[in-house]
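Spelled out, the chains give:
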Amino acid sequence: MAFGTYKEVVCARSTDKDIQKVSQDGGIVTALFAYALEENIIEGAIVAGDTEDPWKPEPTIALSREDLLAAAGTKYTFSPNAIKIKEAVRQNGLEKIGTVGTPCQIMGLRKMQSYPFSTRFVADKIKLMIGIFCTENFPRDSLRTFIDGKLHSSLAATTKMDIGKGKFWIDTVDGKQGLKIKETHGYEQAGCNICRDLVAKYADVSTGSIGSADGWSTVFPRTEGGNEVFQAAVEAGLIETKPMDEGKFGLELLEKLANNKADKGNAERERRLGLGLPLPQEL
Amino acid sequence: MLEGLKKWFNKLLGREAKPDAEDEKAKLKDSVQQVVEAESKPAEEAKKAADAAKAEAESSEPNIEESSTQEVEKVADKPRVGYIHMSGCTGDGMSLTENYDILSTVLTEMIDIVYGTTLVDVWTEGTFAQEMPEMDVALIEGSVCLQDEHSIKELLEVREKAGLVVAFGSCAMTGCFTRYSRGGQLAQPKHESFVPISNLVKVDAAIPGCPASPEIIAKTIVALVNGDMDYLTPMLNMAACDLACGCDLQTSVVNKALCCGCGTCVLACPTRALEMVEGRPSHNKSRCIKCGACSTHCPRTWFPAERVKKDLGL
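So the sequence lines, in the order shown, correspond to chains A and B.
All residue numbers in the first sequence are consecutive under the working numbering, ending with 283.
All residue numbers in the second sequence are consecutive under the working numbering, ending with 314.
No wet-lab data here; the hints were simulated from the structure.
Honestly, I wouldn't trust all of these hints.
To be verified - Below, simulated DSS-like cross-link-like pairs (lysine-lysine); rule was C-alpha separation at most 30 Å, straight line: (1) A:K96 x B:K219; (2) B:K309 x A:K125; (3) B:K310 x A:K125; (4) A:K7 x B:K219; (5) B:K310 x A:K86; (6) A:K264 x B:K256; (7) A:K256 x B:K310; (8) A:K127 x B:K309; (9) A:K75 x B:K256; (10) B:K309 x A:K256; (11) B:K202 x B:K153; (12) B:K309 x A:K242; (13) B:K219 x A:K127; (14) A:K96 x B:K309; (15) B:K285 x A:K56; (16) B:K310 x A:K264; (17) A:K125 x B:K219.
Given only the sequences and the hints, what does the whole structure look like? Please build it.
Rendered as structure tokens:
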């Protein structure tokens, strides 16, 4: 199934004006972590924080609402949040941790939870995993290459990046510019080409912009725990929801893109097998 | 519990299941022998008692029923586990005992440790030497030193006596940091060649980790006792594994266009020999202990989709 297992799928956004100001779309990741921190469901969250270098995110341990707000917004390059988890457990002494990640990052952590071979008393501390929709990820130098070369701008000048309506968008002081998604093909990392998961099927809650109008996010609460946190945040009035648009720009679009990714992933796997290259062993 | 384990062994070793009656007899024999050993009687007396019990068990059916007391059956349900210490730091054995909350249940109700120099005082060398008992599972910690005749003898004997030989921890599985040994150290300068146990004997399963975490040990024991073959599949697959260090991560994952930059390898590394640079693991050879944790944890080497779904209730 294109969407994996889930409790429900809704359109949602944060009702918090501060979050709305800085968030990529509906601010669901920031709102959920802020709520979970407030309610002591988690004691900290590993998020993609900013660094001095433009668009070079670093995994960061957010311990407060302020920390979360500072890290809000999507970065279209790597932030391997997993690498901070051990530090959060052992140096910060956090017993309950939230983290956000792409589908593949969630897979690494879920594998660790089911088979914690060498991660002594770490895996069980992750209490809330939010997955973000992902079509592909770009090395930072790929971003630089097509922002410099094709959009004639720079990472430093870019204030926001976004993918939507078939284009990769950047906001700069000179306004908004778009590059056809096709033009970014070939710049994504090679490891993405065998991936078949767009909607982070193994997360507690998955969210992303595809399928929802601007300013809103599509949300799939999946696990019991994830659903509890999401519903509680909705009940507390921190997140508002509305039914999904089932049509062409709603769920139908998400399904199409999810299936496309799976088909492309499968085709690439076939191609690699034909070349005698290895694939991840599925157990 | 024992039935599940036996089924699993037989499946693993490609054996047909024994007829039930035979099975019952064997079970009784095993259990009687075990009770005798557990009581730690002097060897001669123990042998006599065991012989008597065997004779009794074999004499007639009613007797079997009679001697099949509750206590005996309870013991018979538990797999007999041996813990064999070769060249390692005892970290994996300590990790086992770090299951504080469930340790007493594990040791009293789930398994019987029938052989070992640390967790129980039974071994084959020296003044108080005893015969090595038959074991269902032998957990072998540490690599084997080719210049240490005692280790080699013990290892070969364990292979004979144990149904399932498990490389317990990275030293046994990959050699881990003992791979760096070049000899010339005290107490025996000649001891220089330390190799994974799979170089000398057939290994049935491996539990990597430096040390293997308390949780994976607990999960493995539970799976063993329940005969949960599916959970143990990765351990069986890694039995003859050569995933040993950050170099393998580079050659088997990054060089094969599989890396997605998730950072799980860095998280798994116990010595901070890996860091993420431009979205890829960068390997610091001088910190690497060749434990294989990085490759083991990488979601692009193998991924247990079904188990993950089951664990999450998805």
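Checked hints:
1. A:K96 x B:K219: Holds. K96 of chain A to K219 of chain B sits at ~21 Å (cutoff 30 Å).
2. B:K309 x A:K125: OK: K309 of chain B and K125 of chain A at ~19 Å, within 30 Å.
3. B:K310 x A:K125: holds (19 Å)
4. A:K7 x B:K219: With Cα atoms ~28 Å apart, K7 of chain A and K219 of chain B stay inside 30 Å; holds.
5. B:K310 x A:K86: holds (25 Å)
6. A:K264 x B:K256: holds (18 Å)
7. A:K256 x B:K310: Distance of about 27 Å is within 30 Å: holds.
8. A:K127 x B:K309: Given that 30 Å is the threshold and the Cα spacing comes to 16 Å, the pair holds.
9. A:K75 x B:K256: holds (26 Å)
10. B:K309 x A:K256: holds (24 Å)
11. B:K202 x B:K153: Distance ~15 Å between K202 of chain B and K153 of chain B Cα, so the pair holds.
12. B:K309 x A:K242: Holds, at roughly 28 Å.
13. B:K219 x A:K127: Measuring from Cα to Cα gives roughly 19 Å; hence the hint holds.
14. A:K96 x B:K309: OK: K96 of chain A and K309 of chain B at ~21 Å, within 30 Å.
15. B:K285 x A:K56: Measuring from Cα to Cα gives roughly 26 Å; hence the hint holds.
16. B:K310 x A:K264: Cα-Cα ~27 Å, so holds.
17. A:K125 x B:K219: holds (17 Å)
When the structure is compared with the earlier hints, no violation turns up for any of them.
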